[in-house]
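Work out the full structure: start from the sequences and follow the hints.
First to last, the sequence lines map onto chains A and B. Heads up: the first sequence begins at 35 in this note's numbering, then just goes up one per residue. Heads up: the second sequence begins at -9 in this note's numbering, then just goes up one per residue.
By construction, these hints were calculated from the structure, which means they are not laboratory data. Idealized CB from N, CA, C, for every residue including glycine. Each hint should be verified, as a subset may be incorrect.
Have a look at the derived ranges for each label pair, beta carbon to beta carbon [stated by the list, open to error]:
1) G108/B x W328/A: 17 to 27 Å
2) G290/A x K69/B: 31 to 41 Å
3) L150/A x Q65/B: 27 to 37 Å
4) K69/B x V289/A: 49 to 59 Å
5) Q55/B x R316/A: 30 to 40 Å
So you can see what is in the structure, the chains are spelled out below.
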Amino acid sequence: MNALGALLLVLVFPGFAFTFAFAMVFAWIDRKVTARVQWRVGPPFLQPVYDFIKLLGKEVIVPAGGARVLFLLAPLLGLAAVTVSSTLVWQGNIWPEKGFVGDLIVVIYLLTIPSLSVILGGLASNNRVASLGASREMKMILSYELPLVLALVVPIINADNSIRLGEMLQSQPAVWHVSGILAFMVAIICMQAKLGLVPFDIAEAETEVMGGPFVEYSGAPLAIIKLTRSMMLFLMPVFLVTVFWGGITGGGGIVGTVLGCLKVLLLLVIVILLRNTNPRVRIDQAVGFFWGPWVTGVALLAVALALLRNVIWA
Amino acid sequence: MGLKLKALCKSPWIFHINTGACNNCDIELVDALTPRFDVERLGVLLVGTIRHADVLVVTGGVTQQAAPRLRRLHQQAPKPCLVIACGTCACTKGIFHDGYHMVGPVDEIVPVDIYIPGCPPKPEAIIDAVVKLLRKVA
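Spelled out as structure tokens, the structure:
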């Protein structure tokens, strides 16, 4: 692997350009399905692209008293992290032998950075509402990261303690076991929180804190934030399918690939329906829910079951 | 500038400002945003903060209290942005014409791109005005 190849990998396929295109499609699906749930027609197919171009053309305002450099850099940090993690996940899917030991761990860390960039940007904008949103985002990270990582431990145990995405794909998918199904459900709930969608959109809560950390953003940085969120909407289902459900290629062949894409779409629709049928919870309710028996408890149970199964089989 | 405005016309995000309306125009404006009329077909979204806004919809003749705030909101909005005066009061002060506390119709405070008369204007009239405005700009 030379430098040019790595650059192409990150910037074109399966990195930035590829993820960008699919992020736009997924953002449109999100809005269209939401519209259909509300008995509307919904926006045209190119709507997310129009929004993106429009925001790029708008004036960029840095609030007085804000930390200028950090305010403008924070969205880029999130975008870079989600691009690289998307590259790693897709590389694991397409070329399973190419990954390195521990790329799963790297992806888990990189997926936290968009939330951190939201916190940084919110705190840098010298706005009370934004810092309120940033503090809520911090609490959300604290609440969902524990069950998410616990849930991700289950497929690692099932795949003979491998932390390489490529190796995990070659072993039996985690959802074939009871422990895997439990962990998968926990991971789906955590995905909802990670994407910052209703019922866990407490940080941006348009009706309470007017967009939270994004309240002062305008123009190109706002475009990048929206793009990062759409990319996460694309990446998270792909990531969960990769770790829990046999990956996009589904063991190879056209049938497997089509099934893999359908799995991703299914997860996307679950996210959208959850978002459209639930009210927003309070931050204390969210933390209690994630640390309580129904999420962290179930995740612990799944880990115990997976360990037990390993002991019995060995 | 051409592409900028073209994209803006495809996704006008609106921000609603009440500068002393009797709340009737506001009800009709919110009505125009309901699923029944589905303005998201045109890319219209209601945003919560002025920094995300492309179109400011102003309702009500401007009172002494509201005038400096309206001026400030117009300065805070990222350019290019458009202004709609929604309702008879916003266009001409309406029945509050001789009120002691009225500064003036909206266009004496900030530049207005399109006027929607009516007390209150129907949701259909508001949507029609938005479409006409976007055609004019594009």
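The hints, checked one at a time:
{"no.": "1", "hint": "G108/B x W328/A: 17 to 27 Å", "in the structure": "violated (52 Å)"}
{"no.": "2", "hint": "G290/A x K69/B: 31 to 41 Å", "in the structure": "violated (51 Å)"}
{"no.": "3", "hint": "L150/A x Q65/B: 27 to 37 Å", "in the structure": "holds (32 Å)"}
{"no.": "4", "hint": "K69/B x V289/A: 49 to 59 Å", "in the structure": "holds (53 Å)"}
{"no.": "5", "hint": "Q55/B x R316/A: 30 to 40 Å", "in the structure": "holds (33 Å)"}
Hint compliance for this structure: hints 1, 2 are not met, and every other hint is.
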